[in-house]
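Given the structure of chain A, go ahead and fit chain B onto it with the hints provided.
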Amino acid sequence: MNTKKFALLGILAGLGATVAINAARADTLQDIKTKGVLVVGVKADYPPFGSLSPSGENIGIEPDLARDLAKGLGVKVQFVPVVASNRMQFLEQGKIDVMIATMNDTPERAKVVDIVHPDYYASGYNIMVPKTLSLTSWSQLKGVPVCAIQGAFYNKEVAEKFGAETVAFTGVAEALTALRQGRCNAFVYDDTAIEGKLQDPTWKDYDMPLQSQDAQPWGIAVRLGDTSLADYISKSIISWDKTGLILSLETKYGIKHAAFAVQMHNKYK
Amino acid sequence: MRVILPLPEVLQRESSRALPVIRLSWRHGILLAGLLCLFTIAADAAGAAPVRSSVFAVLARWTPLLLHGFALNILISILSMAIGTALGAFLGLALISPDRPLRGAAWGVTQFFRNAPWLVLLFFMIFILPYHLHIGSFSFVLPDWSKAVIGLSLPVMANVAEIVRGGVQSIPKGQWEASESLGFTRHQQLWMIILPQAVRRMLPPWMNLYAILTTSTTLASIVGVNDVVTLAGQVLSAEGSRPDLLAPIYGYVLIMFYVYIYPIAWATRRLEHKYQVHN
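Here the protein sequences line up with chains A and B, keeping their order.
Under my numbering, the first sequence has 19 at position 19, and the numbering climbs by one with no breaks.
In my numbering, each residue carries its 1-based index in the second sequence increased by 1000.
In case anyone wonders, no lab produced these hints; they're calculated from the structure.
Careful: at least some of the hints might be erroneous.
Said to hold, decoys possible - Label-pair restraints from in silico Cβ distances:
no.: 1; chain 1: B; residue 1: ALA1060; chain 2: A; residue 2: SER85; range: 44 to 50 Å
no.: 2; chain 1: B; residue 1: ALA1082; chain 2: A; residue 2: VAL112; range: 34 to 40 Å
no.: 3; chain 1: B; residue 1: ALA1057; chain 2: A; residue 2: PRO209; range: 44 to 50 Å
no.: 4; chain 1: A; residue 1: THR106; chain 2: B; residue 2: SER1054; range: 38 to 44 Å
no.: 5; chain 1: A; residue 1: GLY151; chain 2: B; residue 2: ALA1086; range: 35 to 41 Å
no.: 6; chain 1: A; residue 1: THR106; chain 2: B; residue 2: LEU1271; range: 31 to 37 Å
As the list claims (entries may be wrong) - Examples of chain B residues lying across from chain A (beta carbon under 8 Å, computed):
no.: 7; residue: SER1179
no.: 8; residue: ASN1226
no.: 9; residue: GLY1233
no.: 10; residue: GLN1234
no.: 11; residue: LEU1236
no.: 12; residue: SER1237
no.: 13; residue: ARG1242
no.: 14; residue: PRO1243
no.: 15; residue: LEU1245
Claimed, not checked - Pulled from the structure, derived: some chain A residues nowhere near chain B, Cβ distances all over 10 Å:
no.: 16; residue: LEU29
no.: 17; residue: ARG67
no.: 18; residue: ALA168
no.: 19; residue: LEU198
no.: 20; residue: LEU247
As the structure is a computational prediction, the values presented were derived from the model and not from experiment.
Virtual Cβ for every residue (Gly too), placed ideally from N, Cα, C.
Okay, chain B solo, but in the shape it has when bound:
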């Protein structure tokens, strides 16, 4: 006999069956590397003229330059994450503040930067901030990549704020009530009882955000930062704009990102598993 389940349970079952969660695994890396090899071999076969160097030789020749560009992507991602996290932590605490105007203002800022397209924020920063900044008698140069850092740290800030708010609110109400009855002040409750538990839960989404941010640093190539994608385009031109190189070179950049992000994704999964909440 068929058991008729209540609707929410049916939906839950359906969704867990219909939409499997795809996790980044090492198999995807093998698949990518295999595809790249296939592309390069196909490209080599197509352009058999003896004057041209093989695609592998081209990739090898330009690897130092491309890695140099990739290092800039990593630098941008680390700095944006650091700034975004510092600001976002404050903003997240403001989101759960008992003070209404402060909470409202923080909510507005969070919503604005969370929902603005990243590229639009980047454009804004690149064209609004002056190249030479004069503060008093000091004058210093703001290179484009530093503006990209500022532009990217804004959405990171808003997302971190939401992670902080979510993390704090995920702690059962009983914890607040119990600590209050033990005579802790709100400040003490937050810092001694709630946050130590919440931070563990915030870690996996925070690392996830970092992975997303790292891939998004390539947006900076659109606003003229000399990152790995810009360099990849310049490498293509230097090699005479051969169409057969298009897939191998961009594929190579893809693999660089994969190699960097995969360990982060793996560690995130481990942490999620470790801190899983069993109700």
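Just chain A, with the same shape it has in the complex:
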């Protein structure tokens, strides 16, 4: 009876205790080569930058860039789908080694993760509104409900700079449905993506009447202190700009060339 009692107490005590184990951090680049696998966090809900194929394969511009990184190291690539709200934690936890997930390069983020330079892409943000809502300036958004995607950096800016009331959703389809139902009057999103949507006849009653806000660069990120990996990626980005890989991927996935991509190609070619 006594042993059983101790066993029970042990189980109860074990439940209360939390395990805190610190991993001694070795050189990530070396680890990747030893394991033979580069684990990359990419978007799986953001075509054409990162999405899934019906067979469950990761496709898009960013998975293609990741494959190029892995090829250069002579290792296999493994994808982990991330979203804006968890991508930095995944990187810090070591769940992924590299993050190529449409992340804007901002000073606050650079404190948490190491954002590799040069940046590989850039896009501005804009709003998609019904044509009936005649907007002429961003300041008219004051107090207007605006649909947004959780974790996008511009949500805060739209709320603070222009006084809009953001309603954040997990996915684009959810946000667009809310826009259509009139739960918000505008949808704030990347300008390149909105352009793509407006080409679809479903959205013929909607447009993008305002000027895009300043294009923000997108950065590939690694964990703080992974300098050798960051160096390797930095060299790869320069070679992408040199060979025009990003421009050809834009063509492959059927989007217009971003001004930033053209500019970088001209700079390094």
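Okay, now just chain B, sitting in the frame of chain A:
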């Protein structure tokens, strides 16, 4: 002449009349399937552009991937239930232990995990447990779904503990007294007399808990596990975020859960009926 009933009986009658117990039946399944068809047909009618594939074609194309995600939900539910039941059985026995400190500690643990929101426990496990676990020279990776299993097995444990306690306490006192007078020790009483009777009564609520747990595995999608709901969102994006697909795709996921859970609900009802206590 009106018979004036005592208050408890009036209440009992009222409650049995006012609040019918809704049981999951096959009719609900037909209703769901019908609604899904209606949604898809309406969606097809709305988006008549020839370039787009019909909603049925979209569902068919993505079915293997969605089923793959659904299999992960089932795996999480089975593992959480197994771990939760094993721990919960011990915790439940501790709840009815004659030892006061042990009973008190077990009561505290049970209350804590029974009343904590499941999602909060999930968040806790996902962010507290390290991704790489080092024990001695062994180092292994804890994938997110395994953390979800741990996170979900905690509330299951507490609920199973309560089921065990309730099951044991539902056995009439006479059974204890009779067996004691026959010279059984407490240990023997519990294992040979009480538990065999109680387990039958525990089975229906335990299966009910499993059904609830299975639907709750979708919470894991919020913490980044690639389950069927996460995949459904990714499928929507891959199809160009068409708003007309929103209801059909999530409706399809709903039906998957229904098809899996309905037989469990049916079996639970059968068992409840079989073990019904007639006083």
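The hints, checked one at a time:
At roughly 32 Å, the beta carbons of B:ALA1060 and A:SER85 sit outside the given window of 44 to 50 Å. At roughly 38 Å, the beta carbons of B:ALA1082 and A:VAL112 sit within the given window of 34 to 40 Å. Checked against the hint of 44 to 50 Å, the pair B:ALA1057 and A:PRO209 fails, with Cβ atoms roughly 35 Å apart. Evaluation of the 38 to 44 Å hint for A:THR106 and B:SER1054 yields a pass: the beta carbon distance comes to about 42 Å.
In this structure, A:GLY151 and B:ALA1086 meet the distance hint of 35 to 41 Å, their C-beta atoms being roughly 38 Å apart. At roughly 57 Å, the beta carbons of A:THR106 and B:LEU1271 sit outside the given window of 31 to 37 Å. The beta carbon of B:SER1179 comes no nearer than 18 Å to any beta carbon in chain A, farther than 8 Å, and the hint placing it at the interface is violated. Hint status for B:ASN1226 relative to chain A: holds, with the closest Cβ pair at about 6 Å, below 8 Å.
Here the hint on B:GLY1233 is kept, as its CB sits about 5 Å from the closest CB of chain A, short of 8 Å. Hint on B:GLN1234 holds. Least Cβ distance to chain A is approximately 5 Å, under the 8 Å limit. A distance limit of 8 Å between C-beta atoms decides the matter here; for B:LEU1236 the minimum to chain A is near 4 Å, and the interface restraint holds. At its closest, the beta carbon of B:SER1237 sits 4 Å from a beta carbon of chain A; the interface hint therefore holds under the 8 Å criterion.
For B:ARG1242, the shortest C-beta to C-beta distance to chain A is roughly 7 Å, which falls under 8 Å, so the interface hint holds. The restraint placing B:PRO1243 at the interface with chain A holds, with a minimum CB-CB distance near 4 Å, inside the 8 Å limit. Here the hint on B:LEU1245 is kept, as its CB sits about 7 Å from the closest CB of chain A, short of 8 Å. Every C-beta of chain B lies more than 10 Å from that of A:LEU29, the closest at about 17 Å, which supports listing it as non-interface.
Separation of A:ARG67 from chain B is adequate, the least Cβ-Cβ distance of about 18 Å exceeding the 10 Å criterion. Distance check on A:ALA168: its Cβ is at least 14 Å (rounded) from any Cβ of chain B, clearing the 10 Å threshold; non-interface status holds. Residue placement check: A:LEU198 keeps its beta carbon more than 10 Å from all beta carbons of chain B (closest about 12 Å). Here A:LEU247 stays apart from chain B, with its beta-carbon at least about 23 Å from theirs, past the 10 Å limit.
Consistency note: the structure conflicts with the earlier hints numbered 1, 3, 6 and 7.
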